[in-house]
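Participant: Sequence:
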Amino acid sequence: MAQLAVPALAIAFWRNALSTGVLVPVVVARRRAEVAGLARRDLVLIVVAGACLAAHFGFWITSLGMTSVASSTAIVSLQVIWVVGWDLVTGRPVPARVVLGVLVATVGAIVVSGVDLSVSSRALAGDGLALVGSAAVAAYAILGGRLRQRVSTTTYTAGVYGVAALVLLVAALVAGQRLGGYGAEQWAWLALLAATAQLLGHSVFNHLLATVTPTVVSLALLLEIPGAALIAGVWLDQVPGWGAVAGLLLILGGMAAVVLSEPAGRSIPPG
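In full-length UniProt numbering, the protein residues as written are 1 to 271.
By construction, these hints were calculated from the structure, which means they are not laboratory data. Since this is a predicted model, take the numbers as computed values, not measurements. Ideal placement from N, C-alpha and C gives every residue a C-beta, glycine not left out. Where hints are given, some of them may not hold.
Simulated DEER-style distance windows between Cβ atoms [unchecked claim]:
no.: 1; residue 1: L173; residue 2: L124; range: 21 to 29 Å
no.: 2; residue 1: G21; residue 2: G91; range: 35 to 43 Å
no.: 3; residue 1: V204; residue 2: R30; range: 15 to 23 Å
no.: 4; residue 1: V35; residue 2: A125; range: 36 to 44 Å
Kindly produce the complete structure, drawing on both the sequences and the hints.
Facilitator: Printed below as a string of structure tokens:
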């Protein structure tokens with residue numbers, strides 16, 4: 001994302017806005033009756049979830065310009081610990097194997113990122129933003145786990161992306177960040193980011209929230225870290241080191257422990 005030469009909040013805004021532009025026509029064509037019948041409670045939760053998603057992108061992408069990418073990525077990977085902590089606070093039974101799996105997977109994410117802690121005030125502020133971003137995406141996953149029991153993937157995803165785009169638009173304008181005037185290459189990267197990371201990435205996780213718990217989905221999000229290492233290997237001729245391989249194995253092992261401890265799948269609302 002650093003290659004884009006686009007302000008942080010603008011990146012976050014456009015990946016959500018472009019994705020919303022793709023999904024809204026689908027909702028209008030196929031989900032109008034569902035949208036009209038949404039309960040007020042679900043509408044409120046969609047707005048809150050979208051605001052949490054906006055906070056995640058806004059704080060995390062901003063942190064990348066203040067601290068090392070490795071440190072920011074490692075801190076954001078703590079999202080799954082927030083989810084498990086919420087389960088414990090709210091009295092949901094958490095098997096010991098789930099706790100162990102979460103810890104193993106989180107260590108794997110940190111190993112892959114090659115965490116590089118810095119003590120400068122700017123870097124510490126960036127680390128703090130990344131921590132807020134990790135808590136925000138954990139809240140997003142928890143709310144999504146509730147909503148996806150009643151709301152279809154398409155309606156939920158279009159709603160939260162749309163709300164996130166509006167929140168990020170306001171934030172970017174208040175911060176005075178430029179939202180346009182980019183070159184063709186920058187627009188191409190933004191479109192690619194929306195198509196891959198957003199529509200093909202986060203949207204899949206939104207769908208999974210109907211069948212598995214937020215803990216499992218949060219663990220699955222950790223796969224973005226070794227995935228980025230593999231993409232760098234292909235595009236930038238950077239061969240992932242043994243640390244990336246070991247970290248990936250730890251993530252997969254932790255995920256396996258958690259998945260095997262989860263109850264049977266839940267019902268899926270249609271598309």
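Participant: Hints first: check each against the structure and report whether it holds.
Facilitator: Here is what the structure says about each hint:
Look at L173 against L124: about 28 Å separates their beta carbons, and that is inside 21 to 29 Å. Range check, G21 to G91: about 41 Å between beta-carbon atoms, so the 35 to 43 Å window is met. Restraint check, V204 to R30: a C-beta distance of roughly 19 Å satisfies the suggested window 15 to 23 Å. V35 and A125 have their C-beta atoms about 40 Å apart, which keeps the hinted 36 to 44 Å range intact.
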